[in-house]
Structure formats: C-alpha cells, structure tokens
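Asks: Sequence:
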Amino acid sequence: MNLTDFLTEKSVICKNSLQKVLDICEQTGSSLEDILICHNYVNPKKLYSAIADFNKLEFADLRISPCDMKILNNAHKPFYRSLNAIPWKKDGDNIVIAAAKITDELKQWASVNFEKYKFAITTPFDIHHSINKILVDRNNFEAIEILSKYQPQYSAKYLFKDVQFRLLIMFFILIASLFFVFPQKAIFTFFVAISFFYFTTLAVKTLLFFIGMYKSKDISKNQKHLKIDDKDLPVYTILVPLYKETRVLQKLTNAIRSLDYPKSKLDVKLIVEEDDTDTVKAIKDLKCERFFEIIEVPFSLPRTKPKACNYAMQFAKGEYITIYDAEDIPDPLQLKKVLYTFYNDSKDIKCVQCKLNYFNREENLLSKLFAIEYSTLFDFLLFGLEALKIPIPLGGTSNHFRKSTLDKLMGWDPYNVTEDADIGIRIAQKGWRCKIIDSTTFEECPIKAGAWIRQRSRWIKGHLQTYFVHMQNPMQLYKKTGLIGFMGIQFFLGAPVLIFLLSPIMWGLFVCFVTGLLQLPPDMPDRFYILMDYSMLMLATGFSLQWLQAAVAVRKNKWQNMGKAVMSFPFYWFLHSVASFKALWQLITNPFYWEKTSHGETSINC
Numbered sequence: 000m001n002l003t004d005f006l007t008e009k010s011v012i013c014k015n016s017l018q019k020v021l022d023i024c025e026q027t028g029s030s031l032e033d034i035l036i037c038h039n040y041v042n043p044k045k046l047y048s049a050i051a052d053f054n055k056l057e058f059a060d061l062r063i064s065p066c067d068m069k070i071l072n073n074a075h076k077p078f079y080r081s082l083n084a085i086p087w088k089k090d091g092d093n094i095v096i097a098a099a100k101i102t103d104e105l106k107q108w109a110s111v112n113f114e115k116y117k118f119a120i121t122t123p124f125d126i127h128h129s130i131n132k133i134l135v136d137r138n139n140f141e142a143i144e145i146l147s148k149y150q151p152q153y154s155a156k157y158l159f160k161d162v163q164f165r166l167l168i169m170f171f172i173l174i175a176s177l178f179f180v181f182p183q184k185a186i187f188t189f190f191v192a193i194s195f196f197y198f199t200t201l202a203v204k205t206l207l208f209f210i211g212m213y214k215s216k217d218i219s220k221n222q223k224h225l226k227i228d229d230k231d232l233p234v235y236t237i238l239v240p241l242y243k244e245t246r247v248l249q250k251l252t253n254a255i256r257s258l259d260y261p262k263s264k265l266d267v268k269l270i271v272e273e274d275d276t277d278t279v280k281a282i283k284d285l286k287c288e289r290f291f292e293i294i295e296v297p298f299s300l301p302r303t304k305p306k307a308c309n310y311a312m313q314f315a316k317g318e319y320i321t322i323y324d325a326e327d328i329p330d331p332l333q334l335k336k337v338l339y340t341f342y343n344d345s346k347d348i349k350c351v352q353c354k355l356n357y358f359n360r361e362e363n364l365l366s367k368l369f370a371i372e373y374s375t376l377f378d379f380l381l382f383g384l385e386a387l388k389i390p391i392p393l394g395g396t397s398n399h400f401r402k403s404t405l406d407k408l409m410g411w412d413p414y415n416v417t418e419d420a421d422i423g424i425r426i427a428q429k430g431w432r433c434k435i436i437d438s439t440t441f442e443e444c445p446i447k448a449g450a451w452i453r454q455r456s457r458w459i460k461g462h463l464q465t466y467f468v469h470m471q472n473p474m475q476l477y478k479k480t481g482l483i484g485f486m487g488i489q490f491f492l493g494a495p496v497l498i499f500l501l502s503p504i505m506w507g508l509f510v511c512f513v514t515g516l517l518q519l520p521p522d523m524p525d526r527f528y529i530l531m532d533y534s535m536l537m538l539a540t541g542f543s544l545q546w547l548q549a550a551v552a553v554r555k556n557k558w559q560n561m562g563k564a565v566m567s568f569p570f571y572w573f574l575h576s577v578a579s580f581k582a583l584w585q586l587i588t589n590p591f592y593w594e595k596t597s598h599g600e601t602s603i604n605c
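Heads up, the sequence shown stops at 605 in numbering that gives the first Met the number 0, and the numbers go up one at a time, no gaps.
To be clear, the hints were calculated from the coordinates, so they are not data collected in a lab. Please note that the accuracy of each hint is not assured.
Straight-line alpha carbon distances no greater than 25 Å define the calculated SDA-like cross-link-like pairs of lysine to any residue that follow [as the list claims (entries may be wrong)]:
#1 100 - 24
#2 595 - 362
#3 88 - 313
#4 148 - 158
#5 106 - 92
#6 156 - 137
#7 44 - 101
#8 226 - 107
#9 230 - 253
#10 89 - 77
#11 557 - 604
#12 115 - 80
#13 45 - 64
#14 447 - 556
#15 100 - 38
#16 106 - 0
#17 407 - 73
#18 434 - 283
#19 55 - 131
#20 316 - 292
#21 555 - 437
#22 243 - 227
#23 230 - 38
#24 283 - 293
#25 563 - 600
#26 76 - 93
#27 280 - 39
#28 230 - 24
#29 230 - 39
#30 76 - 406
#31 100 - 51
#32 581 - 16
Keep in mind the model is a prediction, meaning the values are calculated, not measured.
Produce the complete structure using the sequences and hints provided.
Replies: Listed below in structure tokens is the structure:
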C-alpha cells in the first residue's frame, strides 16, 4: 500500500480531494505533504501522525513532549533547520531524532553525529517552534551580533568610537571659533562651501536623472518570465515584519495570495514581536493558509526591523528571499520577473530592487508630493546609479536576494535603521551589483506632516549611519567602489543630508541680507556680493530643475490633478530640513531607536 492509499483509508483525506492535490503536485512539482498543508486540506498534526503510522514510527508531539535540552547542540542548529529535524530524546542507548521527512541526507548526518539513533516523525511547524523556543539565545545572537562580531567595520553598533566622537566635537568647536574670531571670512567660506556642495549635488542628481530617463526606456517589458514552468520555480521566502499592524493584515494577506506563484512554494514569515499580542491574535483570527507562518521575536535590543528580519531568516525555507512591508501591494508577477532577471542577467547581480510608489497618492498635497519624489527616485535616479555603477542605497521593501547572498553578507545590520541603504553599499563593497526592474510595489503614504517627519527622520538618520559606517575607512571604500562610485556615495548619500541641515542657515542669512534685516559692513569685499548673486542663481536653477523633474515624473506616470504638487515640489524639500535636524539629534541621543510608521490611516484603497 502506498502513502496516498493509506491516507484515504485512514480518512485523513477523501478521494476527490486527493485527486485535486495530486493534480496540483503534478503542475507544481511540490510534494504531497506541502500541498496538503499549504492549501489547508488537512491538519498538520493529523497528517504527520498518519505518516508516522504508515512508516511504523513513533509520532513526536514536540509541544506536549519537548526536546531534551541535554542532547541538543547549538553548533548543529543550521543542520536542524536545513534537515527539518531535531534530536528529541534518549531511548536507551538511542538518540531519537524527530524529523518531518527522513531523507538520505538526514541519515548520513545522523550516522556521523550519533553512534546509535532512530527516527520519529513530527510536523515541520513543531521543529521550527522547538528551535525558536529552546535555542532562543543562539537565535538572538545570530540576529543581533553576528555582523558586529565578525565584520565590525560594517556595523553601526560601533558608529562613533571615542576618538572619532572627540574629533567630531573638536571640529565643531573649531568652526564655531572661526565664526567668532574671523566672522567675515568664516561667513564667506561657509557660503562658498555650501554653494559648492549644493551645486555639485544638484549637478550629480540632474545627471543621474537624465541618464536614468534615457536608461529606463530600455527596460524589458517582454513576457518571457511567464514561460518559467511552475515545476522549475524554487521555494520563495517572503519576510513581512509587523508591529502593531492589525488594521492592514487582511489587505496584506490578500495581496500575497494574489501573487502569481504556486502557493506550495511560498514561505511567508509574518514576523511579530513576542509582546505584540494584538497583532498575533489578529493573524490567528484570519485563519490563513499554512504557507503563512508566524515568527515571534523575543524581546531584545535593538528593537528594529532588520533585527526582526535576521531572526526570521533563520527559519527561511526559500532559495530566494524578499521583504514586504505591512501595507505593501506588490505586482502579482513580481516574483517571476525577479527570477527571470536572476536567471538571465549577469552573475554579479546579487540583488533585484523593484520600484516603489503609493496607492493613496490622491489623498492630499503631501501624498502627491511624496509620490512625485518616489517617482523621481525609482523611475529615474536609481536607473542612473545603476548605469554608472554607483552603489545603490536600496528601498526598504521589495528588494530580492538569493539566501546564499544574505548569508555571505551576514544578513542586515540590526543597528542601522535604514538597513536597506546599508546593505546596498555592502553589496557594492563586495564587488557585486544591484539591478532595478520594472515591477512596482504600491505602499501607503503618510498623510500627515507629523507622520511624514517621523518616517523621514528615521530614513535620514539611517542614511547618516550608513554614510559614517562606510566612511570609517574611506580609502577602502574608494578602492572597492572606484572613483565614480565613491563620489556617487558622497553626493547622493552624504551631501544631501548636509545640505538639508545647513540650508535653513544659508537661506536665512541670504534673506536677511536681501531684506536688509542684516546689514553688510561697508568694507565688505565685492566677492561677497558676487557670492550672493551666485547663490540666487543656484536657488533659481535648483527650483527650475525640481519643477522639471516633477513635471517629467507626472507625465511619465500619466497622473492627473497634479499641477499644485508640481508647482510646490521645490518647497517640499524644506520639510526635509525639519526631519534632518530631528534625525541628527536622534543619531546623537538615541541612534538605534526605530520611529514606527502607522499604517491603515488612508481612506483610499489600492
């Protein structure tokens, strides 16, 4: 008797349902067990108990009878995960290994590590639960400390060492002293320096925009990704970090169900904080299919999205991994488009970044401005970075990796609040590249200025963290990214934040001079007046280019009712200055604090 006959005989599944399951197995190449569970045909405990009976083995209910801690080995945890098996208990001289499936690889591993052993059957969920609960200290170490221990030069944990902090304080004291002792020369030098950074950053971003406008036309819009046979598709892990997200769970799970991908090959990790009982309850109330799995992250600091993703990645079954945020609505074909890119593009492509924009663009003026900004970034600027091989600070969602790549990178930096931007620079430092593709994930835009500033201050703080981490050794960064890449980091990642911070001072002084609120001394050199004229020209040029970029973005997307947003787009950047001062303060006082963005506020549905 084979297993399928045994399951029908034991009334685990009826014959009609079994035939449907076998048809799906034939179409997708997935195992019988995976289809039965992920499509909710049968309770996992009932199924694996029957499989144990079929194989004449003991069934191990690891929640009622937990693993014996004395026979577990922290060093073997990677094997427990990859083999879907864990030592359960001692039975005389035998070590009983509880496994979801007894494979040749498992038998070989057992023979190497134990003199005497035998097998029991359990559910894969019980194995994951056991690893999570019993080996929690090891799990936490791998989620939090592995990067800072083995590659501390890439960790924001050690952002400001004592010497660096003292040098920074001394620098600011020196600048303040110069303004006090030599006010005219200091003011003039300040204006020259800021004008240089402003002009260069403006020139770099304009160049990137127009290169991106040209290159984005070359995006392939063919449908070859549709020709990938479902049998050839790998298991794909989707990490979804959630914290107090009860309002958007239904929309999120529906969006993931809408992905054009075999559900038996989806491994969706809904990552929640252990004490976020409301979100855990809301997920359980949805009664999702079994390809959704709750991963509860035990309390530890820092309490950040990258820490949570690192924790959940330890349980990932997929060969490929992506992150979606709680409110995301991804392109249904996105996973197949990404795989087609990985299969057919250069081997040094280690990350595929999909485009982002907002489904609630029409909510108000702020959401329209944010949508224009995202379009200039994802429709143009990132393509410019890619074309010039400048390191790409990735977006916070819809970036896709091979799991092997993330393992080599030691995951995300849990101490960096823009782990996406950081990992993009680390990829470049490894000599690898990121690819931007034409697949859009729609997100929910903050619709209130306070929420926008909280979110943006976190992003700017993270960009500062990323910049300072990778500039701790500028010569190494230069050697690994080349001159163009190095300069791109300076003027795409570093200089914009400096301009946001100093612009209010610069334009405040400028307005005071023009209106006469601050009188220039009669002996002020002519070069100062020339500098004033130059600053006015830079302001006019900057405003004109921002209007142009906004208009191009609106036209490309064929958006309507965006006239006011286009005209006010240059003034939108003053909000960045407010967020930048908050970011700088938090970088000094609370560098690892994660500013939570609330979702489910919009009245517009995707």
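Asks: Tell me the numbers of any earlier hints that the structure contravenes, in ascending order.
Replies: Per hint list: 8, 18, 19, 22 and 32 violated.
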